[in-house]
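*Asks:* Start from the sequences, fold in the hints, and give me the full structure.
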Amino acid sequence: MSERAPTLVIDRASVAYGDVPVLEELDGVVHEGEAVALIGPNGAGKSTLIKALLGLVPVVRGRIEVLGTTPAQARRDVAYVPQADTLDPDFPVSVEQVVMMGRYRRIGWLRRPSAADRAEVAGALERVGLAARARDRFGTLSGGQRQRVLLARAIAAGPRMLLLDEPFNGVDAVSQHALLEAIGSLKEQGASVVVSTHDLAIAHLACDEVCLLNRHQFGFGPTGDVLTPERLRATYGGHALELRGDRVIVTQT
Amino acid sequence: MIFFEPFQLPFMARALAELVVLGALAGTVGVLVLLRRLAFVSDTLTHTVFPGVVIGHIMAGDGGVFWGALAAGVVTAVLLTLLTARRRVSEDAALAVLLTTLFAVGVVLVSRQTGFTSDLTAFLFGRVLTVTEEQLVQTAVVTVLVVALLAALRRPLLLRAFDPVGARAAGVRVGLLDLVVNVAVALVVVAAVKAVGTILVIALLIVPAAAARALSDRLVVIVPLAALLGAAAGWLGLVASYEASIGYGLRLASGATVVLVLVGLYGLAHAAAFARRRAKLDQARRRVTSEELDVLEAA
Chain L
1 MSERAPTLVI
11 DRASVAYGDV
21 PVLEELDGVV
31 HEGEAVALIG
41 PNGAGKSTLI
51 KALLGLVPVV
61 RGRIEVLGTT
71 PAQARRDVAY
81 VPQADTLDPD
91 FPVSVEQVVM
101 MGRYRRIGWL
111 RRPSAADRAE
121 VAGALERVGL
131 AARARDRFGT
141 LSGGQRQRVL
151 LARAIAAGPR
161 MLLLDEPFNG
171 VDAVSQHALL
181 EAIGSLKEQG
191 ASVVVSTHDL
201 AIAHLACDEV
211 CLLNRHQFGF
221 GPTGDVLTPE
231 RLRATYGGHA
241 LELRGDRVIV
251 TQT
Chain D
1 MIFFEPFQLP
11 FMARALAELV
21 VLGALAGTVG
31 VLVLLRRLAF
41 VSDTLTHTVF
51 PGVVIGHIMA
61 GDGGVFWGAL
71 AAGVVTAVLL
81 TLLTARRRVS
91 EDAALAVLLT
101 TLFAVGVVLV
111 SRQTGFTSDL
121 TAFLFGRVLT
131 VTEEQLVQTA
141 VVTVLVVALL
151 AALRRPLLLR
161 AFDPVGARAA
171 GVRVGLLDLV
181 VNVAVALVVV
191 AAVKAVGTIL
201 VIALLIVPAA
211 AARALSDRLV
221 VIVPLAALLG
231 AAAGWLGLVA
241 SYEASIGYGL
251 RLASGATVVL
261 VLVGLYGLAH
271 AAAFARRRAK
281 LDQARRRVTS
291 EELDVLEAA
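From first to last, the protein sequence lines are chains L and D.
Taking the UniProt record's numbering, I'd label the letters of the first sequence as residues 1 to 253.
Taking the UniProt record's numbering, I'd label the letters of the second sequence as residues 1 to 299.
Everything labelled a hint here was simulated from the structure, so no lab data went into it.
If you're wondering where the values come from, they're calculated on a predicted model, not measured in any experiment.
Fair warning: there could be bad hints in the mix.
Calculated Cβ distances over 12 Å to all of chain L for the following chain D residues [claimed, not checked]:
{"id": "1", "residue": "G64"}
{"id": "2", "residue": "E133"}
{"id": "3", "residue": "V288"}
Only part of the chain D face toward chain L is listed, based on derived beta-carbon distances under 7 Å [as the list claims (entries may be wrong)]:
{"id": "4", "residue": "L159"}
{"id": "5", "residue": "F162"}
{"id": "6", "residue": "V165"}
{"id": "7", "residue": "G166"}
{"id": "8", "residue": "R168"}
{"id": "9", "residue": "A169"}
{"id": "10", "residue": "G171"}
{"id": "11", "residue": "D217"}
{"id": "12", "residue": "L219"}
{"id": "13", "residue": "E292"}
Even glycine gets a Cβ: it sits at the ideal position worked out from N, Cα and C.
*Replies:* Written out as structure tokens, the structure reads:
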């Protein structure tokens, strides 16, 4: 892996909302084509770290470098996928329109979307398996399907780095599979992926690296090395239970 | 025809032009208000423009109303943008304080004038029949400006309304965009002061957009439909007010009849949407039953 270029460098970074520190002393490196899972309980600061990677929350100490520059300057090549259920299901937009939003930066304000833009949108929907739903209203889709549409929007932007906030929460098996497939193919194309999740199984399945977070960093490195019972117990406090030696369940997220 | 005949009178023709343009403008901007859930922010703007109207009137008579309203509208649009950008939780209370304080300032100022009840009524509920050509031009200019601005910014506006964090992540300058929206709403209120007054304009902003939303899921339909409903309500409301006054000797403020027509249209839109949902459901049910029959026959 080390011959690949680093896309994300976190160097003793602390992140704060105003005077309130949320995350302290983070360290880690992610390379091209790698995926890292952010794991930790609710309120651990996973979403805040994602916002910091987008340059929306300031780094108060240390350094975060995205694609060789500051997070704010890297935004053009970074795509963000919000949690689908944070968006208004009554909003009058079609699936196609949502995915087209991923192209806005390239289209600009006034120009009509070109044939190439439309082809990218259709291709992105194809990749998440929802081409047939293009004309339906976004809110009529299931939670898992809406999450796939938001991933398609990110794919249509042609990003070098993808940030996903809890994409697997409350998502059915079919959608989970489709999301994992699409993320996998983006990695093969050289994109880096940062995904926050509660799901240790998905971290094992889809990610090369894991970052354990709860205000501080409890580990960053290859999935197999970091997801140990000791470290999970440290991250989750009393809410991690050990099962038969090397397996752990988390009782409260 | 009662729908056209009154407008041969020049003052009625001017009133019609004013209300139709205003209805279309408010309907268009109203869609944005609906999508961004800014009804209360808009209502605050309608109240905070009021002291500006009064001050403008005191300083320069009828001609000063527009400019006083404009100054107050722009200032409060900036204040509101700052206020809503900072906190989320106690926003409602802060808006309510701002709204009532400035409204009270307006009432205090107007109550010091002679003939104050008549002025107050005019400021609050409008006097569309005395609209001048200059005011028509002002409304037209505001309409062209606002519609052009919203059309140019339609993509960032849509993204910001749908997914605020995603918009910021995509590099949209959300604070600036919110200021533009608040100023656009303020401009609608300012344009409406003369015709429907500062209070009733909120209905012009909210109701056509809500009715259009009930009839369609697609923004390319909702925006023109809201503009059309706003314009139609302006026309029908004016006809109703004229008929009541000429035919029955009843003096009805046309601003209020416009709003009542709007609410009627809103009711009709919801009834139509309900009927359409029922029809679709029945259709689906019939299809299922006929499929069941096919299965039975095959067996």
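*Asks:* With reference to the structure, classify each hint as holding or not holding.
*Replies:* Structure-based check of each hint:
1. G64: Per Cβ check, G64(D) is outside 12 Å of chain L; nearest 36 Å; holds.
2. E133: holds (33 Å)
3. V288: holds (20 Å)
4. L159: holds (5 Å)
5. F162: Status holds, d = 5 Å.
6. V165: holds (6 Å)
7. G166: With a closest approach of 6 Å, the G166(D) hint holds.
8. R168: R168(D) check passes; min Cβ-Cβ to chain L is 6 Å, inside 7 Å.
9. A169: holds (4 Å)
10. G171: holds (5 Å)
11. D217: holds (5 Å)
12. L219: holds (6 Å)
13. E292: violated (26 Å)
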